[in-house]
Structures are given as C-alpha cells and as structure tokens.
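J.: Here are the chains, one letter per residue:
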Amino acid sequence: MPATRISRRRALQGFGGGAAAFGASVLFGACGGGDDDSGSSSEGTPAHADTRATAIPSATAKTGGTLRVALSGDPTGLDPSTSRGGNDHNWLYSIFDNLVNNDPTFQVSKGIAEKWEVVDDLTVTFTVPASGITYHDGTAYSAQDIKATIDRHLDPATKSFAAGSLGSVDKVIVSDSTHVTFKLKTITASLFAILGDRAGMILSPTAVQKLGEDFTNKPVGSGPMKLDNWAVGASQKMSKFAQYRKQGYPYLDGIDVQIVPNSSVQFANLRSGNTDLIQLGQKDVDAAKKDSSVQFVQWPSTGYTQVNLNISQKPLNDIRIRQAMTYALNRQAILDGIYFGVGTLANGPITQALWAYNSNLKPIQEDLKKAKELVTAAGYPNGITFDFLITAGEENTPLSEMLKAQWARVGLNVNIVPVTATQATTDYRDQKYPFFLTGFSGRADPDLTIFDNFHSTGAFNRASFNKSYTKEESQVTLDQKIEKARQVYDQAQRKALYDEIQKQIVENAHGIFFTHQSNLVGLSKRVRNFTNYGDGKLRLHEAWLDG
Amino acid sequence: MAVSPSIQQIPLRPAAPAFPARLRRLARRKPVGAVAFFVIVALALAAIASPVLAPYDPLEPNYSALRQGPTLAHPFGTDQIGRDLLSRIIYGTRISFLVGVVSVGVAVCLGTPIGLVAGYFRGAVDEVLMRVIDGISAFPSLVLALAIVAVLKPSLVNVMVAVGLTSIPIFARLTRSQVLSLRERDFILAATSTGASDLRIMLRHIMPNAMSPLIVQATLGLGIAILAEASLGYLGVGVQPPTPTWGGILNQGAPLIERAPWLSIAPGAAIFTLVLSFNLLGDALRDALDPRQRKG
Amino acid sequence: MSGYLVRRALNAIPLLLIVTMAVFALTHLSGDPVAAIVGGGEVASNPELEARIRHDLGLDDPLPVQYLNWLKGVVQGDLGRSIQTHRPVRETLADRLPTTLQLALCAWAIGILISLPLGIIAAVRQNTWVDHGATVLALSGVAVPSFWMGLMFILVFGVWMGVLPPSGFVSVTDNPLKAAQYLVLPAITLGVHQTGSLTRQMRSAMVEVLNQDYVRTARAKGLVERSVVIRHGVRNAMLPVLTVLGLQAGALVGGTVVVEQVFAIPGMGRLALTAVLQHDIPVVQGFVLVATLAVVTANLVTDVMYGVLDPRIQHGR
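Residue numbers (the working numbering), protein chains in the order written: chain A, 1 to 547; chain B, 548 to 843; chain C, 844 to 1160.
Treat the hints loosely; a few may be bogus.
With a straight-line cut-off of 25 Å between C-alpha atoms, the simulated DSS-like cross-links for lysine-lysine are [to be verified]:
id, chain 1, residue 1, chain 2, residue 2
1, A, Lys-289, A, Lys-503
2, A, Lys-372, A, Lys-404
3, B, Lys-700, A, Lys-314
4, A, Lys-484, A, Lys-289
5, A, Lys-484, A, Lys-185
6, A, Lys-237, C, Lys-915
7, A, Lys-147, A, Lys-159
8, B, Lys-700, A, Lys-183
9, A, Lys-369, A, Lys-404
10, A, Lys-372, B, Lys-700
11, A, Lys-503, A, Lys-314
12, A, Lys-185, A, Lys-210
Now the stretches of chain B that chain C is said to cover, found in silico as 3 or more residues with beta-carbon under 8 Å [what the hints assert, rightly or not]:
id, stretch
13, 616 to 625
14, 638 to 647
15, 743 to 754
16, 758 to 764
17, 804 to 812
18, 821 to 832
Rather than coming from a laboratory, the hints here were simulated on the basis of the structure.
Positions of the beta carbon are idealized from the N, C-alpha and C atoms, including for glycine.
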C-alpha cells in the first residue's frame, strides 16, 4: 500500500499577487488515484512541503455517515458575538451561514450573498435572496436579519467581540428584499475578510430574542449542520440540517466531536480507526507520514510564533535592545528543537499562506557580534537583566529556556516568569512586564494582523495601554503606513504597501519572530473533500465519507 | 502537700534505650526502612556534590544534540534543547530536597502551634481554629496551591510556601489529637497542679510527648511535597524555568513519551525512588516510635 | 447525640462562610476575571468593551458588595452563571457531580481491594519478607506522581495495546459495560494513592488484635489459623480501619483533579481546575460549596464513628 498520493493544484485567483498560490480544496484519491483536474500541478515543493489535492465534482460525493472528530477543547461559546476563541470556528462554520465566505486562499466567495459590489469608497452593496432560507428553529429568513445581525454586534449591550472588527461600519441599510447596503465611515479593505469571519455569521433573530444568554450554548443559525447536544468537556454532536438552502448538501448525516485534550491520545485514536479527523501536533508528523492508514495534510498557516513586545517599556523602548534580541537568535535551533522542524523560519508577521507575504524578506540571521555591539551601544556593556513573561506550557516552557540561553550569550539576561494564561494577559495588559511569549494565529486579511499587533493603538499592542507612552520615530511612520494600507481596495496596491510595512516591522524590531507555522491535519482513509483553508479553521461540513 | 519531689520524678516520657542502640535495633527489625534511609542519605550527598558529579552544565543547550537517546557521552540522553539529562537530574536532587524540607518546615511551623493551641484550650478557640483548618482542607490541595502561587508569583520560594500551606491541616489535626489524649494523662494533670504556666505545659510537657507521630508525618510529608511540586508543574505553574527540578523535567518529557521516552523515565524513576524512600523511612519510624508496637 | 449532630451541622455554616470568603478573595487577587474572558480569545478587545463586561458582571462593585450579592443569590438557591460559559452554575455542578462520584467510588473500592488483603498478609506474616514486600508495594502506589501513572496507563493500555479506551467517560447509567471500561484506568490511578495509609492502618490494627488475649485463647483452643485471622482478627481490626476509610472518602473528591485532567473526564476536579485558572468566580464558589459540604459530612461521619467505636471520647465539651 503506497503512502497516500496527493496531487496538488494551485488555484490562482483573480488578482496578480503571486503569493496567492496556496490553498485549494483537497481530494485524497481512494486508491492513490486522485485526478488532478487543474492541469497546473506543481512539483516544486516549498519549504512547507504542503500537501494538497484537487476538488472533486460533488456529483460523485457519497452521502451519509457520521464524521468523527477529536479536538483538544470546547469552543468558548457558539454565539458568534460573545464567543472569542480561535477554535470556535471549527463548529461555527458548520452551524452558521456567512453573508460572504473567505475561500481557501482568502479571496471573497459566495455565502448567503450571491453578488457584491463596491459602489463607492464608503458603500458596499450585497445581493441576497429574498427568501428560501430556514433557520434551525424553523423560522424563515429575510434580508432584515442581516441588518439585525450586524446591528446586534454594534450594540454595546451585546458585548460583542466582533464589534471591534466592524468599527468602520456606519450603518446597514436594507434597500429592498434582495439588497443590503453597508455604509462605511472609512474605506475598509478588510470588510469582506471580516464578514467571512464571525461578524458575518447570520443568526436567527427569533432564537436570539428567545434564548438570551443561553444562545451561546444553544446556537441557532441556518448552516448545514445543527447542534443537537453539547456535553461540556466531553463532546458536541451535530446533525445534518435537512432544510439547508442548498439541495443535497451537506453530504454527512452528522458530525460527532469528541474533546480529547491529549494530542498523543488523539493521534492514537486516529491510527486505531476510532477517529476520522484530528489536528496533529508537530511531534507526531513523522509518524503520521509513515502510517499508511492515515491521510496526512500539511499546508502553510497564517500563524507565527513570536515574542510580543511592549515597545513603550524599558528596556525595549531602545531599538538597539530589540534589534540585539532579534540578532541573538538561532531560529533554526528553535524550529528543530521546539517545533520538530515543522514550519519555516519567520521573516515577519505575514506568512506565505496569505497573498501579502513578502517573499523578498529574508529571516534574520544569527549575528552574535552585532547583537553584543548593540547591547553595548545601548549603554549596557556588562549586560542587562529584565523579566520575560510566559504562559507555562508544553511548548512555551522549553522555548523560553532556549531563548533565555540564546539571549544570555550577548548579555541580555532574562528572568522567566511562568504564569497561567489569564495571569499573563492581566499582567501584560497592566504594563508589569515588557514582553510576553505568545503565538499569533494570523488573520484572513493582512490589516487584521498588522493593525492590531503593530499600530500604536492596536488591540494586541499593549503599548497602547501605556498612558505615558511617547511614540518613537519608527512607530510614527509605521502608523502612517498601516493606516494608508487599510484604505486601499486594490489588492496589488495593498501588497506593495504591506511589503514595505513588513520590512519596517522586522528591521526596527517592532516584533521578534521565530517561525511560521504549518496547519497539520490527520484524516482517516475514508474522509474525502477535506479542504485546507489558509486560516486553518475546519469547515467540517464540507467533507464526505467513502466507506 | 501533694506537691512532693516525687512528682517531679514521674518520667515525662516512657523510658527509652539510648538512641544509637535503638537505631541498630530498628535497622535489624526494619531492613526496608534502613535501606530507604541509606538511599536518602546517598541522594542527599548527590545533592550536595552536584557540581562535582554532574558531567555538564545543566542549563547549557547543545543544538547539535537535540533529543538524543542515551549514549556514552549522555548516559540519560539529552532533552528538547540539547541539555544533558543526567546533569539536570543530579542538580534536580537539590531542588527536590529543598522543596521537601522547606515546605514541610512551613507546614510544621504553622500547623503544629495551631493544633497545640486548639487542643490545649479547646472550646471556642478550638472551634474557630479547626474550622479554619477544615476550610483549608476542603479545597483540593493542588488547586489551592495553584491559586496561592498565582497570587504570590511563581518562584521556587513561593512554590515551597504554597505546598507548605496546603499541608498545614495534616499537622494541625495530628497535633491536636495528640494533645487531646495527652491532656488527660496523669503527668500533665500533675504539672497543671504545680501551677506551671500554660505555655510551659504545652512546650515542656505536651510537645515532647507528641513528637513521635509528628516526626513520622514530617518524613511522609517530604515525599508528599516532592510529588506536589511535580504535579503543580503538570497543572501549569511550578518552579521558574530553567531551574532543573524533577517535576519540571518530567513535565517537559511527558508529552514526548513516545518520541523520546528517556526524557520521562529518568525523572519519573528519580521521583519514585526518593518519595518511596521517604515513605518507607516514615513507615519504619512509625512502628519504631509507636510504643504499642515496640514489643513486636 | 442528636443535639451534637445539630450543633455540628450548624457549625458548617460559619465554615462555609469562611471558606467561600477566602476563596473569593484568593480568586480575585490572583487575576482579573475579565482578562480571563478576553485573554483566552483571538478576538481584539478594547478597554470600553472590557469595562462594559466588568460592569454587567458586577465586577466593578467593591469586593464585599460582590460577595454579599453572591451570598444573597445562594440563599435564594441561585448560584449564578459561569462568566466563561454563561451556563448556570447549579446545572454545571449537577452535571459534573455524578461523574466524579462514580470515579471516586470506584477508586475507593479499588483502594480497599488492594489494601485490606495486603495489610492482613503483612500483619499475619509480621516482620518477614512478605511483610516488607507488602509494605514496599503499598507505599509504591503513593510514590508515583499520578499524572505520570495516568499517562503511562493511557500509553500502555490505551495506545499500545489498545485494550481500553485511553480517555473519556461514559456514565454507568448510560452503559454500565462501557462505563467500566472507561473507568478502570482512572480509578486504579486514583485508587493506588489510597493504598499507602490504608494498608498500614490495616496492618497495625491487625497486629494489635492478633496480640490480644482472646486471639491467643482462640489459637490455644486449636482453631485453624485462617479462621483465627478471619473470625477474630479481621473483624476486630476493621473498626479503626473504617474511620480511615471515611476520611479518605472525603479527600477523594480533591484527588480527582489531576486524574480527571489526565483522562479527560468531565467531572468536578477538572471543573475546579479550569474555573480557578480562568478566575470564573461563580463556578469556583459553587465548587467550594460542594467540596466543603463533602468534607464536613465526611468529618462528621468520622467523628460520630469515633464516638461510637471509642466511648472514652465524649463529644461536646
């Protein structure tokens, strides 16, 4: 039995950016016979060695069966407004229909809306069906519900976490039964990416009214799957929604998610045939590749590993210390030691999963001499000691130890403070520590990654919480560039702007990046039509089962 | 008039043979306890002599030797960032003893006085103190330790304090029960009737006679503390990295059990050996110090 | 006696107040519950949103006010809602308690099944190598970190041999056979931790009984050794052992934290751990109420048993 043969297709979408070449839907040939229907398959293996295959015509899809999935934790909730976890989408995308969707390469694609038009800089109109959509509670949809959903996010009383991403939306107007218009306060290039995320998930207004605070545990949408049962910490059972707006879809009868925190156990369940789909840990990649009873999928993630810097704080307000930190690192050792060689060396905050990736930027090379000089130039010839906040964990603890050892070589002595996730968030927000070891999962639009992390008012940039912060010159120019890039709709133009922004972030060390991650999924042999989206979130409802 | 010199001659403790002789007898009757004792002494020596014994710097990564299995150069293998595991285990012995001794010290210093006062004065004092003790023990000790470390900030000292605080109830209850039964004994009543102060009676007359079970419990407590340090690390908060602790090494190794089993076998075995030794020693001491069993 | 019981039961009220107040303060001191809500997320938060959440949860009130508000709810039978999951705390506790009770009971039973025979054998063959061996065996169980033992069990029986499910939980009421398969590994992991003190207690009680005059008499009368041990020894030695068993039952709920975490069992221990890590105050408080009541009950039962078994101890002075 040969290892799964996976053909690949590069679905170049409608714009010039060469970096858009990643992502497509996947087929795993039943007996290694996956037809490559694109004719443009590439043998060149990028550093990520991403494995992908082709879409299969849905006519041949088999219906029926229950997809058994093992995931490591519960969603934080299933109300798209008050839930907030990066894994919530693995359920949300099956339960809710979006106004528009992000396709695997982050281009906008159809959702409830069939067409969309940027009428002018501040007006975007969506063409939607007048009827024909039913919610899981049996109530009927109307175009008003789209407005109701957005208005609910924007109402402060909802306490929606998606409200921030809709900040530039002035109002939503239902022009007639088939047209919904978004009026914007500023040009919002990322609007489609935002509506393809939790903000654009359309809720049953009746259920929202009726369930109140319980909606998050008993979500009601119009998606292909409905939630039947949620046993916290144990399982979520979803079943096919028979009145789904697309005839004959979904193919699955149900999705059965088991919560299995231990990744070794997940992998064991996959290998023994008790589970159909898991997200693999890096440590299990070698074994998964060798196991012929498992389909292994790897593709570039938008996520990266980094230390999050508060550059308003001593000593990181000195650019030389930050640069010294970045030159002192042996990134290859980090990749090999902590991530088992899975992923690539980071050259900045945007990964090759996204069209805005700057392929001309090289990962910073270890240069101890230069780092030492920078520390001395900053006024610390005998070295400097400061605190390093981390969330203790399987990956973070050894990583922090490696970083400490590497920095110590150039006189940067850090004192590791390992705390729980909540404590770390609190302390970092409250300006108690200058930097914090944390990953970032990346976003569907470069603005969502760049602005929140690197603009001086960004939500993840804790310098923005420091009242006595005076911006350094590099931050001032960076802010201007970031603001400009988010107000351009043309992707080619934006790409050029983001290339420059990434360069500045890396050269002036607004962040220190180690690796770009890979999305890793293991499937049982019977799973078909698993699609690898660049954001790594699972669209479980798309799969079907052969056998 | 009843106060006569003879009262002073009532032995405060049951007569006991000289200490070395008792030890020899104990070792003969409790060979397992004797072996445990020697294991503990050997490990304690290793703790003291770690800089001499450890072949490598326990903190120094070696990127050309990541996750290597046992070899001649690295008899216990290397960890995820290329550090020599044997050296880390040897240095870890220090931390384990330190965690054990300090946290038991904290528990004894706080728990014993509480139990002593509660048992001696009884009544309202007893009620209040013991309700507080009940309160501490109502919460799972590990979760409590976790919360305490979170408040105090994680560090070696605070982990020891937290583990110590969660062990207070055992010592308080044990002391109290000893005091309750000793209080009614003749020699205490006699001391009371001589007009000795409460403090003097508690410290001079009651405590010495209540020591045996406390010593036994303290020995067992050393093992419990070492386990607690390891478990705290498992739950997410322990001693600051990169300090080599057995619990910390085990926690880093455990997720890699299939890929690199040596990373968890060595620290697991080390924890097991030392904790079991403390348990066996405590057990032997209990029998030896228990007058009812001495004749056996 | 009944007066004593009523008084002890009333004593539980100040205890519950002290404990919930202390835990309330501790949970607040160790971190910000709102940070636990927004920090666990990938979504961008902002100070206004955080202020709003804080206000709506009543977290901007002074701590004593917050505590009293919670207390007022409790008196009316309302334990509030989890600030993380929005689920009613009472419902959550009711979901989780049976799970933990099943696990704890099985572990308790396993502890007894291992300890009593070991203790009896050790006593009968006192100071022989059988005795020493039994001691080492009993104390070994306590010397292994339970998360480590759990992981090894998962690996050996669940992953390599594949004979038992590696993790998860099925309730006895749903499917007794499956439940047993899921429970056996966690129950052993938890149960062996009971063996140390229980075996030693059994052994010393037996040693004492076997040295009593009536046992010597029975032996002198020519009774077979086995029936001496069983008829006279075990029966009389059980009394002090029972009290230890009672105390251990109370402590078992606390012991489930690590085991539930390792085996991914959705019970009280895992609930408590998550709630503490997330500063989910209503859930922590609800858990504390239940755990304290369990300990109070176990202590009470044990004390009463002491009184019953040993008339020299009088209650209520």
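J.: None of the hints should be skipped; say for each whether it holds.
T.: Verification of the hints:
1. Lys-289/A <-> Lys-503/A: violated (35 Å)
2. Lys-372/A <-> Lys-404/A: Holds. Lys-372/A to Lys-404/A sits at ~15 Å (cutoff 25 Å).
3. Lys-700/B <-> Lys-314/A: holds (21 Å)
4. Lys-484/A <-> Lys-289/A: Status violated; Cα separation ~44 Å.
5. Lys-484/A <-> Lys-185/A: holds (15 Å)
6. Lys-237/A <-> Lys-915/C: Violated, at roughly 37 Å.
7. Lys-147/A <-> Lys-159/A: holds (17 Å)
8. Lys-700/B <-> Lys-183/A: violated (49 Å)
9. Lys-369/A <-> Lys-404/A: Distance ~17 Å between Lys-369/A and Lys-404/A Cα, so the pair holds.
10. Lys-372/A <-> Lys-700/B: violated (31 Å)
11. Lys-503/A <-> Lys-314/A: Distance ~24 Å between Lys-503/A and Lys-314/A Cα, so the pair holds.
12. Lys-185/A <-> Lys-210/A: Not OK: Lys-185/A and Lys-210/A at ~32 Å, beyond 25 Å, violated.
13. 616 to 625: Three-residue rule not met by the stretch 616 to 625 of chain B, so violated; n is 0.
14. 638 to 647: violated (count 0)
15. 743 to 754: violated (count 0)
16. 758 to 764: violated (count 0)
17. 804 to 812: holds (count 3)
18. 821 to 832: holds (count 5)
Comparing the model with each earlier hint shows violations of hints 1, 4, 6, 8, 10, 12, 13, 14, 15 and 16; every other hint is respected.
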